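Peer 1: From first to last, the protein sequence lines stand for chains U, W, A and Z.
Each step along the first sequence adds one to the number in the working numbering, with nothing skipped, and position 331 is 331.
Each step along the second sequence adds one to the number in the working numbering, with nothing skipped, and position 168 is 168.
Each step along the third sequence adds one to the number in the working numbering, with nothing skipped, and position 23 is 23.
Each step along the fourth sequence adds one to the number in the working numbering, with nothing skipped, and position 290 is 290.
There's no promise every hint is true.
As the list claims (entries may be wrong) - Below, a sample of chain U positions facing chain Z; criterion: calculated Cβ distance under 7 Å: (1) Ala293; (2) Thr301; (3) Val348; (4) Leu352; (5) Ile383.
No lab work stands behind these hints, which were simulated from the structure alone.
Please read these numbers as outputs of a predicted model, since none were measured by experiment.
Note that CB positions come from ideal geometry on N, CA and C, so glycine has one too.
Listed below are the residues making up each chain.
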Amino acid sequence: MDFNDTKEEAAFRADARAFLTANAERRAGARPVLRQSGVDAEAVKRCKAWQAKKAEAGFAGLTWPKAFGGREASPILQVIYNQEEDAFVVPRGLYEIGLGMCIPTMMAYANPEQLDRYVKPALRGEEVWCQLFSEPAGGSDLAALRTKAERDGDDWVINGQKIWTSGAHLSDFGIIVVRTDPNKPKHEGLTFFFLDMKSPGIDIRPIHQMSGARHFNEVFFTDVRVPDTQRLGAVGQGWKVSLTTLMNERLAVGDVQRPEVDDLVELARKVRIDGKPAIQNGAVREKIAEWHARSQGLKFTRFRTITALSKGETPGPENSIHKLVNASKLQDIASYGLDLMGAGGLVVDDDLAEAYAMFQSALLSSPSSRIAGGSDEILRNIIAERVLGMPSDIRVDKGKPFNQVPTGKR
Amino acid sequence: MDFNDTKEEAAFRADARAFLTANAERRAGARPVLRQSGVDAEAVKRCKAWQAKKAEAGFAGLTWPKAFGGREASPILQVIYNQEEDAFVVPRGLYEIGLGMCIPTMMAYANPEQLDRYVKPALRGEEVWCQLFSEPAGGSDLAALRTKAERDGDDWVINGQKIWTSGAHLSDFGIIVVRTDPNKPKHEGLTFFFLDMKSPGIDIRPIHQMSGARHFNEVFFTDVRVPDTQRLGAVGQGWKVSLTTLMNERLAVGDVQRPEVDDLVELARKVRIDGKPAIQNGAVREKIAEWHARSQGLKFTRFRTITALSKGETPGPENSIHKLVNASKLQDIASYGLDLMGAGGLVVDDDLAEAYAMFQSALLSSPSSRIAGGSDEILRNIIAERVLGMPSDIRVDKGKPFNQVPTGKR
Amino acid sequence: MNFDFSDDLKQLRDQARRFMTERCTPAVVRRSLDGQETYAADLWREIAEMGWIGAAIPEEFGGAGLGYEGLCVLAEEMGRAVAPVPFGSTAYLAAESILTAGSDAQRHEYLPKLADGSLIGCLALSEGSGNPEPSAIHARVVGGRLTGAKWPVADGGIADIAVVVAIDEHRQIGLFVADLAGVRRRDLQTLDPTRNHARLDFDATPVQRLASGGGWGSVQRVLDRAAILFAFEQVGGADACLQMAREYAQERFAFGRPIGSFQAIKHKLADMYVALELARSNAYYGAWALGADATDLALAAATARVSATEAFHLASKENIQTHGGVGFTWAVDCHLFYRRSKQLGLGIGSAPFWKNRLVDLLETRNVA
Amino acid sequence: MNFDFSDDLKQLRDQARRFMTERCTPAVVRRSLDGQETYAADLWREIAEMGWIGAAIPEEFGGAGLGYEGLCVLAEEMGRAVAPVPFGSTAYLAAESILTAGSDAQRHEYLPKLADGSLIGCLALSEGSGNPEPSAIHARVVGGRLTGAKWPVADGGIADIAVVVAIDEHRQIGLFVADLAGVRRRDLQTLDPTRNHARLDFDATPVQRLASGGGWGSVQRVLDRAAILFAFEQVGGADACLQMAREYAQERFAFGRPIGSFQAIKHKLADMYVALELARSNAYYGAWALGADATDLALAAATARVSATEAFHLASKENIQTHGGVGFTWAVDCHLFYRRSKQLGLGIGSAPFWKNRLVDLLETRNVA
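Work out the full structure: start from the sequences and follow the hints.
Peer 2: Below, the structure written as structure tokens:
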């Protein structure tokens, strides 16, 4: 075992740090960066400027082919860049899905002219992409989507509704999977496209979350035309293409969410139990110890994944562990921190709330963490089936034409 | 709300207490009564003598019809008798299944001559009964039993194996459910009998549990003949009869298992953390509080059930709560108590172990509590389906002939 | 033994449930959530007219004299409806403080007006972060005048009077009644906007001391009694969450079947049910202890509070989880319960506080 | 970065796994369980011959000089096989104590014999109930002679030498080596009969002090280092349980389908897997810290210990649960792991002890 960089890695790390030092501000103080309300117009400008700079310097799309502006670097260099970037304040939240999921799908399925047209502008941040998969009736059953596309000459005509689309209102293009044959079984009647988000007939409405955030959207399609040339993969092969996209989702690693254990330690030094700092209380200590062990376990599990990556191995669904453990831990730490504050924990006013109100904020945002991008229950299923080889759930819809599968009232 | 006895209840309570005071020793000291190794020959004698005395005095079969030696009393009187008996040392473990499950089933299905022959001897403790339902291949899927009975003249001939039969080696008679038609779906091919446990062809072998206990048995049947007159219910109606038996199982309330929360409090006063009694440690206190709240919740839930009973309502599967909560609590308290003892917690020698080794003993017996008589998982299913109205699990064996249902290697 | 509410009280419960279902709809709750109103004043007036605020106040002080079991039954329905009214602050805290610690004159002065809704009451205890404890009380009464900041005070922004925990000239803890007219107040933003919370800045405010409200014991006594009533509100809220989750799980399909047919959901609901039933049983015992002024009232209160806080927290968060994506939207009602769960769970001391107190009481009992 | 064992060590692991699978079968373990033998002496001899006991002992003291990562890899396999041998007592506790606290002469005297299996070692720390702490040490050395009772001592009944924690004439804690020939011992009955445990009654037994074994710090240092090796044994045991449960769930049918197709079982296994992977990752970091003698070794050790204890406890009890009825029989092997889980979990201080220590270290680190 060895935690040191190789010579090549060290050189790259120095380059990255030099670039960041020259172009960004070092992070200081403990105030967490919260992304409650998504990205506003000002933030969009900052994001665009930063992405352009990053691409210019060759730090965007590190692992991508050189032909597309990348460096064909090992994934470990991406990890190193991320580690370095974490120490700086840089604008985020606009390109993760486009560059992490949409463009990789394009690279696997689009034709050379299309790649020529779309990849570099995306990399330079000039065009923003979103992903249109989820639907109201789908939920955990992602493939149970009903938005339909019907062939009309050289075009397809899309009608229906997508939901949970991050950044739809800021996007230029989107990738979408739709049902083109409802008489086929669920996974077989789907087809995949990319489309212009400014097309006539697209109506985007932000979703107001309980946390106050509004970065997800509902997207309604009324007779939206997409040329057949923008189809990715064969007709009826949409599910296969979607899996490519989703595979890339699992590789993307989320932000560190606050409060972390250290924030709880900080709080427990400050609030008092029976006149003494809470951190002296045995119950508080046990909880801190348990969450610390879990945090460290996740951190080192990621180190093991990075090691596997750098040896050219593909990390498996073991990564599901990360979100499964983290989301509940966040909710539990948030709730427990508030318990330590007593009634004062209710208050979120800036001038009165403890710890920048991050515990309160996490209490309200953590329920979505346990659901979005694969619920706790789905993640446990994934681990049981794909890692441990358990049989899949009994599928009553298997092989049935999609339009004959029972549906509920909700 | 009122915790006082009615006049009738108070009079009965006084009677019961007088009977117990005259005939049994009051329980003293904290040493728990453990039933690790079942009932030995000496204990059988004591059980028989006590049951005879109880029946003589009219405290056995309180709720049974007078014709069978009962008092036709309200269930609340049974509860009162049990409360009183709990304060005395009385021998237990031999009649619970016979009187609680077997004879009630007989009362529902046997003919008058049979009841005349069997009920009173059972009530007086002269004859012991056992219940032969579970099979190795069944487990939670109780009805998936394979022991078969074939008609031969006026008899049926039984071949196969039962398991988890409490007290089989001490029993005179047993009730048994067997498969009489393997071509019918699982629940439809069963038939129910009672039989003489001394019949030729019955081979009884005790099961050695991890806790050291041996009160369960395997029972092997080789060409065991049972007259058709000992059939209970119609041919093919065995499952329906079994449900009568099992319904009575849910009404039986288990012994209080030690260690209880008070035992943990006692231990926590004695063992030390950082030179101070463990009970001063915040973590220990939180756990005690949580378990106390759960214990009390169960106690008062039982009070609510008793109230319902005394109003003539039938308690529902809500009773499943009791075993579900208690079994895990027992395992958790046992494990935590040992944690407080540190390495010393390993020791079970009588002269050195803390608290009569009841924590160690419970660590080894609690796994069976979480499984026997309905596993945690089955109990959650029962609560979800029968109390909360959730749909049943998808049944792939539904309607299939039993001999075509897939089986595994174990 | 009869461990159940009387038929009369069951009728009261059914009546309250019907009334709240009709008048305290989610739309009403959301008017407070969205800041259109500070609390549901119309609803509050109707509740007052029915005599519910004074359910446990003896008739001689203008109450309905239904006893504590009556108040418990109503509390459960307030919780079930996430009612945006100062019911708990007025009935469980202010009125109870005055009833248990006030002189006869004080009772006659305040209780009839609290009972008929002409005064809203609150308890001003907290001074910022931390659970209740004597050393955290700095507000001080000198010469009958109170100075100090109290926050958050539930319903402090809409209350007419506050029962204030403060220290006197001799540094002894006492309970004091303050008229809030003229006191500087500021509404606070909190996790649960459906209940008003304020910061009260007392500056030589004239107060009168509750006759027997001396020492931390008198504060704890108020909290103990309130804990049982809070437990009923929490049980009501938890029950509502379980019912929402049940219905959703039966009606929502995934993979061609109701999600309630998946064991992950079934077992989650079973766990919610188990926690709720344990909490309900402990709350029932608390109701009895409150009515009978039992010797183990304090232990019964701590036990009920610990169970109920756990049950509502579990039910409110797993109700969201059962709902999936829509569960965490503003438009769906799940979060109303999740917020209220924390509001009730922190309000009079959080779970760690009550667990510690429970063991204090267990220790005393076992020694005695 | 390379956060994985080297190919050489992976080979060692595979070799050890094959060897243990073949030689340390359940039948061998059961000979100790049933009391037919105190420990698997033949197996122990073979383990010694392969040089595993001295894996981390430098070659100059007769060891294999594989470093700590080598010992970690072997520890995992001992845990997986529930090995009924004094590996931990000899290699992680006795040899490590002497290596880290002994003089050069002491190292030369004992380590080669511990490494080649001619001496079995143990650590005599506990004096009855309670987790390790200085005030619980009463055994006393006066004039080079030790008096006091130590129990339970893992492998104390079969060991040749013990490293004993005792106080000296100046009431200072020290580490002392005692030859156990002639010391009165009594084998104890414990939760895990597959490991020997004894009570040692020292009565003016001659001992020699380990040169730098002074103060509680030296004891804690031994425990810290051992905690990482214990964590690997626990990870090995937890992994074995998960594999058993997996296989059973795939092969056992109920209601016409493998029980592993029910979410109740799937999600249980997923939870076991998650706990195991977190524990494994923390143990890996511990292995690195041990090899590098890192500054945060103590924190890494406490973290690894907390995770591994939790993972093995969970895996061993839920493996039984997955097996259903046969799971709690004597004849099926599930209980071997359940017993060993508690043996390893209590042996060098239980979870509460290590959680408290973890936070001690966090506090120090955050202040620094």
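Peer 1: Each hint should be assessed against the structure and marked as holding or not.
Peer 2: Status of each hint after checking the structure:
no.: 1; hint: Ala293; verdict: 4 Å, holds
no.: 2; hint: Thr301; verdict: 4 Å, holds
no.: 3; hint: Val348; verdict: 26 Å, violated
no.: 4; hint: Leu352; verdict: 25 Å, violated
no.: 5; hint: Ile383; verdict: 4 Å, holds
Consistency note: the structure conflicts with the earlier hints numbered 3, 4.
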